[in-house]
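Student: All chains should be built: construct the whole structure from the sequences, respecting the hints.
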Amino acid sequence: MTRNGITTFLFIAVTAIFTSCIREEAPNAECDIIAVKESWLQENSSFLSGKPIISNNAVRLYVKEGTSIDFLKSLEPEFELTYGAQIAKNNIEENGGRGVKMSYTTTSEDGAWSKNYEVTFTIQSVIETGKPFSFEHFRFQRYHTWYEIDASGTELNWWASGNAGFAFTGKKPFPTAVDSTGVSGNCIKLTTCDTGSFGNMAGMPIAAGNIFLGEFKSASAMKKPLEATRFGLPIIPAEPTRLRGFYKYTAGEIFTDKGKNPVENKKDTCSIYSVVYEINPNDFVSLDGANVLSSDRIVLVAQLENPGEPTEWTEFDIPYKNANGKIFDLEKLQRGEYAITVVASSSKEGAFFEGAVGSTLYVDEIEIIWNNK
Amino acid sequence: MKRILTAILAIAIAAGLDAQTKKEVSDTDKNLINAALKGWHIRLSAGYNIGGTAPLPMPREIRGIESYNPGLNLSIEGTVEKMFGKGNWGMRWGVRLETKGMTTKAETKNYHMEAWNTDGSGQVIGAFTGKVKTDVNNTYLTLPVLAVYRINERWNISAGAYASYLLDGEFTGTAYDGYIRDQNPTGEYTDVTRAEYDFSEDIRKFNWGLQAGVEYKAYKHLALFANLQWSMNGIFPSDYGSVTFTLYPIYGTLGFTYLF
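Order-wise, the sequence lines are chains A and B. Residues 1 to 373 in the working numbering are what the first sequence spells out, letter by letter. Residues 1001 to 1260 in the working numbering are what the second sequence spells out, letter by letter.
None of these hints come from the bench; they were simulated from the model. Among the hints, a few may not be true.
Result set (BS3-like, lysine-lysine): computed pairs, CA atoms no more than 30 Å apart in a straight line [as the list claims (entries may be wrong)]:
#  : chain 1 : residue 1 : chain 2 : residue 2
1  : B       : Lys1131   : A       : Lys172
2  : A       : Lys101    : A       : Lys51
3  : B       : Lys1109   : A       : Lys223
4  : B       : Lys1109   : A       : Lys224
5  : B       : Lys1082   : A       : Lys224
6  : A       : Lys260    : A       : Lys348
7  : A       : Lys37     : B       : Lys1109
8  : A       : Lys248    : A       : Lys321
9  : B       : Lys1205   : B       : Lys1086
10 : B       : Lys1131   : A       : Lys115
11 : A       : Lys89     : B       : Lys1109
12 : A       : Lys258    : B       : Lys1105
13 : A       : Lys224    : B       : Lys1030
14 : B       : Lys1086   : B       : Lys1030
15 : A       : Lys373    : A       : Lys332
16 : A       : Lys224    : B       : Lys1131
17 : B       : Lys1131   : A       : Lys260
18 : B       : Lys1131   : A       : Lys223
19 : B       : Lys1030   : A       : Lys258
20 : A       : Lys51     : A       : Lys115
21 : B       : Lys1109   : A       : Lys172
22 : A       : Lys223    : B       : Lys1105
23 : A       : Lys223    : B       : Lys1133
24 : B       : Lys1133   : A       : Lys260
25 : B       : Lys1109   : A       : Lys115
26 : B       : Lys1217   : A       : Lys258
Tutor: Laid out in structure tokens, this is it:
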């Protein structure tokens, strides 16, 4: 045997020893609802509206106007689960006058893990006119999540933040949080945070605090972070004319680029804006971090210019301006072809991991003024 | 460190050849002969380490080894051997400079990971499913103490223990093409393209284990050997959260010994 031959033989021998030590695969430890079964969605398409939104602990299904609550209570949705997982329904309760909440528990194949899911069927609402978003309704489980309550008492999970992504860093406090010093009651405090070892490992050294109408898809948070923030919901009641609210802001001391290198003479700034854009109601594709202010689907934009650093609550009142030469069309609105988002972030370039750790934005009482014609 | 070892090895071989060709009976040689007559032998060895820094048994979270590269791990050793009386038993001890390293690519499923943020502000905890590339490259100063049994003129076997001090440690890795779940398998899910980590700073300075080997005296001054070093402690502290399974350096050495 040549020397090369011997070496090759040894490599193979050692690899074989390692490989032969591979033990039998353990049963699955995960217990996810992966999807609502396509066949079930097909069977019930007559009253369902849009696609189900599935997160780690919730499944949100929307139904058409006029669907009765008793009928919703009788539904037995079917789910695709992680291989080997089991599911059990615990109870059903009404969610105000326009929806039901079902609670389920899933258990993993290995029996060691289980989690609770909230499955909701909700008649899709639109934003109530004449009422600001006051951020008084929230839950806390490791981090805050916010919801709205409509006139019928139904909870609507419209607000999203990047907190679920930040959770991976193991750090506290979270970038998006409740603060009790609001203009009235509580407000939202957005802080640009260092993401520590985990963030560095992933090439995402900072996380700006953000809050927006839409959905945060944490599955994309590391791989395609711009796609994780899905801005916008089809909840427009009329043509918006002005975006009002209150804010105060302090920029962090050292502005850093995406490599966490300090950038001299650059000051962080916050962003507050709202966008209305066109959608296909049968195939809703939201705008995301990459195109929320640049897409050619945008019809109206209201954006706070030069926010500065007011240390006291400061009111903003900004008009919606037409974009891409498009005019808001009431007929399109009737057909459900518009979506709207409202976004606030403690670092304007936070989506690109540029900003200053410590930048803090408070927002409260955000209200959209609608054209009543 | 590899370069240093290569240089030392080259010098050692050159020196050996030099000593052979001159065939002069210098004072040094006389001293060596006198020592040998009293059962003392001085030896210089060079070898190649091949093996793994691996968990035992293989945890069920590891689903496959995609690739393994032993790297170039050299070992250079000076030992003294003392045979007792006219019997076949003796002792061998010395000092060895060696590298124990490897690169592996493995598939994991639901691999529990923990890491403290460097600023102490919190702990990353998760379950990773996907691929992990591991690079280990540790250089040790090792003191072996062995019992030797001479089977015949040509063959001898040895067994004993070794203690190693880490001179230079490297343990880096990349988790890629997979996903992580926050805290545990029920936690929030996120896809992972690539995440790199470096635990070099946390490698234990001290490593010890058992060693056994066989040696064949091919020529008057040259022997070939093979031995196995089986570590008894892991390369990370036992309560180390970032690598939850104990990794034992288990290496075989092949080489030759110059017998003075």
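Student: All the hints need checking, so say for each whether the structure fits it.
Tutor: Status of the hints after comparison with the structure:
1. The straight-line distance between the Cα atoms of lysine 1131 of chain B and lysine 172 of chain A is roughly 29 Å, inside the 30 Å bound, and the hint therefore holds.
2. Distance hint between lysine 101 of chain A and lysine 51 of chain A is fulfilled; the C-alpha atoms sit about 17 Å from each other, no more than 30 Å.
3. Proximity of lysine 1109 of chain B to lysine 223 of chain A is assessed by CA-CA distance (about 19 Å); at most 30 Å being required, the pair is judged to hold.
4. Straight-line distance between C-alpha atoms of lysine 1109 of chain B and lysine 224 of chain A comes to about 22 Å, which keeps the hinted pair within the 30 Å bound.
5. A hinted pair counts as satisfied when its Cα atoms are at most 30 Å apart, and lysine 1082 of chain B with lysine 224 of chain A does not qualify at roughly 65 Å.
6. As the CA atoms of lysine 260 of chain A and lysine 348 of chain A are separated by approximately 16 Å, the hinted pair is consistent with the 30 Å bound.
7. The hinted pair formed by lysine 37 of chain A and lysine 1109 of chain B meets the criterion: a straight-line CA distance of about 26 Å does not exceed 30 Å.
8. Our distance criterion of 30 Å between C-alpha atoms is met by lysine 248 of chain A and lysine 321 of chain A, whose separation comes to about 24 Å.
9. Taking the CA atoms of lysine 1205 of chain B and lysine 1086 of chain B, the gap is about 40 Å. The hint is violated against a cut of 30 Å.
10. Restraint check: the Cα-Cα separation between lysine 1131 of chain B and lysine 115 of chain A comes to about 26 Å, which is no more than 30 Å; the hinted pair holds.
11. Taking the CA atoms of lysine 89 of chain A and lysine 1109 of chain B, the gap is near 29 Å; set against the 30 Å cutoff, the hint holds.
12. For the given pair, lysine 258 of chain A sits about 29 Å from lysine 1105 of chain B by alpha-carbon distance, which is consistent with the 30 Å threshold.
13. Only pairs whose Cα atoms come within 30 Å are accepted, and lysine 224 of chain A paired with lysine 1030 of chain B is rejected, the gap being roughly 74 Å.
14. For a cut-off of 30 Å, the pair hint linking lysine 1086 of chain B to lysine 1030 of chain B stands: about 21 Å separates their Cα positions.
15. Our distance criterion of 30 Å between C-alpha atoms is met by lysine 373 of chain A and lysine 332 of chain A, whose separation comes to about 15 Å.
16. Between the alpha carbons of lysine 224 of chain A and lysine 1131 of chain B the distance comes to roughly 19 Å, so the proposed pair stays at or under 30 Å and holds.
17. With a C-alpha separation of about 27 Å, the suggested pairing of lysine 1131 of chain B with lysine 260 of chain A holds against the 30 Å cut-off.
18. The hinted pair formed by lysine 1131 of chain B and lysine 223 of chain A meets the criterion: a straight-line CA distance of about 15 Å does not exceed 30 Å.
19. For the proposed pair lysine 1030 of chain B and lysine 258 of chain A, the alpha carbon gap of about 69 Å is over 30 Å, so the pair is violated.
20. With a C-alpha separation of about 23 Å, the suggested pair lysine 51 of chain A and lysine 115 of chain A falls inside the 30 Å cut-off, and the hint holds.
21. For the given pair, lysine 1109 of chain B sits about 28 Å from lysine 172 of chain A by alpha-carbon distance, which is consistent with the 30 Å threshold.
22. The suggested pairing of lysine 223 of chain A with lysine 1105 of chain B holds, with an alpha-carbon distance near 21 Å, which does not exceed 30 Å.
23. Of the supplied pair hints, the one linking lysine 223 of chain A and lysine 1133 of chain B holds, its CA atoms being roughly 18 Å apart against a limit of 30 Å.
24. With a C-alpha separation of about 25 Å, the suggested pair lysine 1133 of chain B and lysine 260 of chain A falls inside the 30 Å cut-off, and the hint holds.
25. Our distance criterion of 30 Å between C-alpha atoms is met by lysine 1109 of chain B and lysine 115 of chain A, whose separation comes to about 20 Å.
26. As the CA atoms of lysine 1217 of chain B and lysine 258 of chain A are separated by approximately 61 Å, the hinted pair breaks the 30 Å bound.
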